[in-house]
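Just so you know, the protein sequences line up as chains V and W, in that order. Under numbering that gives the first Met the number 0, think of the first position of the first sequence as 0, with each following residue one higher. Under numbering that gives the first Met the number 0, think of the first position of the second sequence as 0, with each following residue one higher.
Simulated from the structure, these hints should not be mistaken for laboratory data. From a predicted model like this one, the values you see are computed outputs, not experimental measurements. Certain hints may be false.
What the hints assert, rightly or not - Below, a sample of chain W positions facing chain V; criterion: calculated Cβ distance under 10 Å:
#1 Pro77
#2 Val136
#3 Tyr293
From the three backbone atoms N, C-alpha and C, an ideal C-beta is built for every residue, glycine too.
There are 2 protein chains.
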Amino acid sequence: MAKRQKKSIGVDLGGTKILTCAIDEKDRVVGRYKTSTPAKDGADAVVLAIDSAVRSLCESIHWDFDAIEAVGAAVPAPVDPEVGIVEKATNLGWIDFPAKKALEKLLKKRIHLENDVNAGTYGESVFGAGRGFGDIVGIFLGTGIGGGIVLNGKLHRGKNRAAGEVGHMVIQEGGYRQGLGFPGTFESVASRMAIQKYLVGKMKEGKKSLLLKKHKKQLDDPHLRIKSGDLRKAAEAGDKLVLKALHRNAHSIGIHCAGLINFLGPEIIILGGGVMEALEPFLLQTIIDTVEEYTFEITRRGVEITVAKLGDDAVPLGAAALAREKRKN
Amino acid sequence: MAKRQKKSIGVDLGGTKILTCAIDEKDRVVGRYKTSTPAKDGADAVVLAIDSAVRSLCESIHWDFDAIEAVGAAVPAPVDPEVGIVEKATNLGWIDFPAKKALEKLLKKRIHLENDVNAGTYGESVFGAGRGFGDIVGIFLGTGIGGGIVLNGKLHRGKNRAAGEVGHMVIQEGGYRQGLGFPGTFESVASRMAIQKYLVGKMKEGKKSLLLKKHKKQLDDPHLRIKSGDLRKAAEAGDKLVLKALHRNAHSIGIHCAGLINFLGPEIIILGGGVMEALEPFLLQTIIDTVEEYTFEITRRGVEITVAKLGDDAVPLGAAALAREKRKN
Numbered sequence: 000m001a002k003r004q005k006k007s008i009g010v011d012l013g014g015t016k017i018l019t020c021a022i023d024e025k026d027r028v029v030g031r032y033k034t035s036t037p038a039k040d041g042a043d044a045v046v047l048a049i050d051s052a053v054r055s056l057c058e059s060i061h062w063d064f065d066a067i068e069a070v071g072a073a074v075p076a077p078v079d080p081e082v083g084i085v086e087k088a089t090n091l092g093w094i095d096f097p098a099k100k101a102l103e104k105l106l107k108k109r110i111h112l113e114n115d116v117n118a119g120t121y122g123e124s125v126f127g128a129g130r131g132f133g134d135i136v137g138i139f140l141g142t143g144i145g146g147g148i149v150l151n152g153k154l155h156r157g158k159n160r161a162a163g164e165v166g167h168m169v170i171q172e173g174g175y176r177q178g179l180g181f182p183g184t185f186e187s188v189a190s191r192m193a194i195q196k197y198l199v200g201k202m203k204e205g206k207k208s209l210l211l212k213k214h215k216k217q218l219d220d221p222h223l224r225i226k227s228g229d230l231r232k233a234a235e236a237g238d239k240l241v242l243k244a245l246h247r248n249a250h251s252i253g254i255h256c257a258g259l260i261n262f263l264g265p266e267i268i269i270l271g272g273g274v275m276e277a278l279e280p281f282l283l284q285t286i287i288d289t290v291e292e293y294t295f296e297i298t299r300r301g302v303e304i305t306v307a308k309l310g311d312d313a314v315p316l317g318a319a320a321l322a323r324e325k326r327k328n
Numbered sequence: 000m001a002k003r004q005k006k007s008i009g010v011d012l013g014g015t016k017i018l019t020c021a022i023d024e025k026d027r028v029v030g031r032y033k034t035s036t037p038a039k040d041g042a043d044a045v046v047l048a049i050d051s052a053v054r055s056l057c058e059s060i061h062w063d064f065d066a067i068e069a070v071g072a073a074v075p076a077p078v079d080p081e082v083g084i085v086e087k088a089t090n091l092g093w094i095d096f097p098a099k100k101a102l103e104k105l106l107k108k109r110i111h112l113e114n115d116v117n118a119g120t121y122g123e124s125v126f127g128a129g130r131g132f133g134d135i136v137g138i139f140l141g142t143g144i145g146g147g148i149v150l151n152g153k154l155h156r157g158k159n160r161a162a163g164e165v166g167h168m169v170i171q172e173g174g175y176r177q178g179l180g181f182p183g184t185f186e187s188v189a190s191r192m193a194i195q196k197y198l199v200g201k202m203k204e205g206k207k208s209l210l211l212k213k214h215k216k217q218l219d220d221p222h223l224r225i226k227s228g229d230l231r232k233a234a235e236a237g238d239k240l241v242l243k244a245l246h247r248n249a250h251s252i253g254i255h256c257a258g259l260i261n262f263l264g265p266e267i268i269i270l271g272g273g274v275m276e277a278l279e280p281f282l283l284q285t286i287i288d289t290v291e292e293y294t295f296e297i298t299r300r301g302v303e304i305t306v307a308k309l310g311d312d313a314v315p316l317g318a319a320a321l322a323r324e325k326r327k328n
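Start from the sequences, fold in the hints, and give me the full structure.
This is the structure in C-alpha cells:
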C-alpha cells in the first residue's frame, strides 16, 4: 500500500516575487500566498521573506505550522538538492549561498532545494499535463527558455544537476546570440526576446504592424518589452507581421521538439511558460505539424505534444511534491 | 554476490556483413567470425546465414554450442526487444519481419534483438570507453550518424524504442538535406557525406586539394565516395581545403555535443564510427574546445568527451552483453 502523503509547502523563489503553494494529504492545492522578493537586501533578507511567506500561508489556510512535513524551495539556478548550495543565481545576486542550511535553520523543517524549471516540470508531471506519463520533457517558453526532464516518473538532473536546458541547444549554427546564452541556440531563436528582436528589425525596415501604435517610439529603447499579451492582441486582429513572427517561432519550436523526440523518445512534451499561455492558438498546430515533418512515423508514434496546465503554480507545486518525497528524487 | 555471467554470442547484422563475437564467463572476448550478408536473397537466407555464422564461430573457438546461454542480434533498425519484430530495415529490405522468432526457431536459444547503435553504445559502456560510467551518450559518425543513450547503466530506448537518434536533430534550421533525413540535421551537416558534399562543392568552384588527384573525374559521379582514410591522408599532408572541412565538421560536432550536455547532462560522451576512428587527431581537440564555448562551466564540469575504444566490435559485444542479462534492459 502506498504511504499516505503528508502536508507540504512549495516555494517558487523568483527574482521579483515569491510564490508559495500548500498541498494537503490528498494532493489537493489548499492555498497560495505571494509576496515580493527583497533581492536587493541580500540573501538573508530573502530567506527571512521565504520564512515569513510560508508562515503567512499557513495562517491564511489555518494550518498548524508544526503539521507541515517539509518545504520545497525552487530557485532560479542549477542546484544539487543533496548539497543545497546555490553556486550562482544571477537574478538573486547569490554566489555560493548555502540556501538549504539557511532555510532549515529558520523554518526548522526538512528543506528540499530544487532548480525552478525542474520543479515546474515535476509539478506538471504530478499534478498537471504530465499525469500518468513516465518520460516527460517540459519546455517553458518566456523571455528566455528553460526545460526539465522526468524519466520513469523521477526528475532527471544529470551530472551537474543542470540537465533539461533545452534553451541552450544550438538549432541555428552560426545564428545570433540573445542574452546570456550561446549563438544560434533555441533560446536565441525562439524566446519572446527573439520574437521581439525579429519584429523590431522588421518594423525598423518599414514593415507595418499594429504594435507600432504602442511601441513606435521605443524601437531603439533597450528596455523595450513587447508583451506576449500584446502579441496575442495583434495576432487576433490579423496583424500579418506578428502572425509571420509567430509562425516562424512555432516552426523553430517544432523542429526542436522533433529533435528532442528523436533523441530522447519521451512519451510527452509539455509546453509551458508565458509565451505558450498567451499564444497557444497561434503556435500549437504549427508546432505539431513541424514535428511531423521532422520525425519519422516510427519515432513519433503516440508521442503527445501538449500545453502545460498549471501556469505559475507548476513550480511551487512541483517543489512541494519533491519536498515530501522521502525517496531520493 | 553478483550472479556469475554465462557464455553468450553477439551478432552485428549489417547490410553487407555479419560480424559475430563471443564473450565468456569472465567478460573476455574469445573469438570473432565474419561473413557477408545475403540481403538480396531475402530474410530467411539472412537468418540462415546468422545461424551458420554463430555455429562457425563456436567451432572456431571450440565452444560447445549447447553451453551458450543466449544470442544477441543487432539490426540496423529501431526494434522493440520484447516484441522482436523489425518493422522496417531499409539496408536489409525487411518489412515487419519477426526476426526474434525466426532466430529462436533456428538457433533454439534465447534471442535478444536490439538496434545496432544502441548495442554499440551499450558495448562501449560495458567493455569500452564507458566502463565505470552510468549516464552515457554514444555518437557514431560515419556515412550517416547514429547514437545511443545509457542511463544508470541501462539502455534508454524511449517511447518507440528509437531513442538516441542524435543524427536527426536539427542544428542548422533552414540548412540542406542529406540522404533520408531532414533538412539541417546534425547528420546532414556533420556526417562523412556532409564533409564530402562540402569538399566536392569547393573543388568544383576551383579550390585545390590533394583529393583531386584521385577524384577529379568523379566530382559529378553520384557514387563518389571519399573515404575517411583518404581524408586523413590529405589532412596529414597539410591539405588546406580538407583541414578546413574537418575544422567545420569538428565545430558542428562540438556544438551538438554541447547541446546534448546542456539537455541531458551525461557523465560522458563517447564518439565513435569510421570518421572518428580515421580522423580523431584532426577533430577531437576542436570538438572539446567548441563544447567549452557552448556550455556553462557549471554544466560541463567533469563531463568527459572521449573516443570509442572497440571499433567494429562494439555492436556485437553490446548485443552479447544485452543477451545474457536476464533483467530487462
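Do the hints match the structure? See the list:
no.: 1; hint: Pro77; verdict: holds, 6 Å
no.: 2; hint: Val136; verdict: holds, 9 Å
no.: 3; hint: Tyr293; verdict: holds, 5 Å
Of the numbered hints given earlier, the model fails none.
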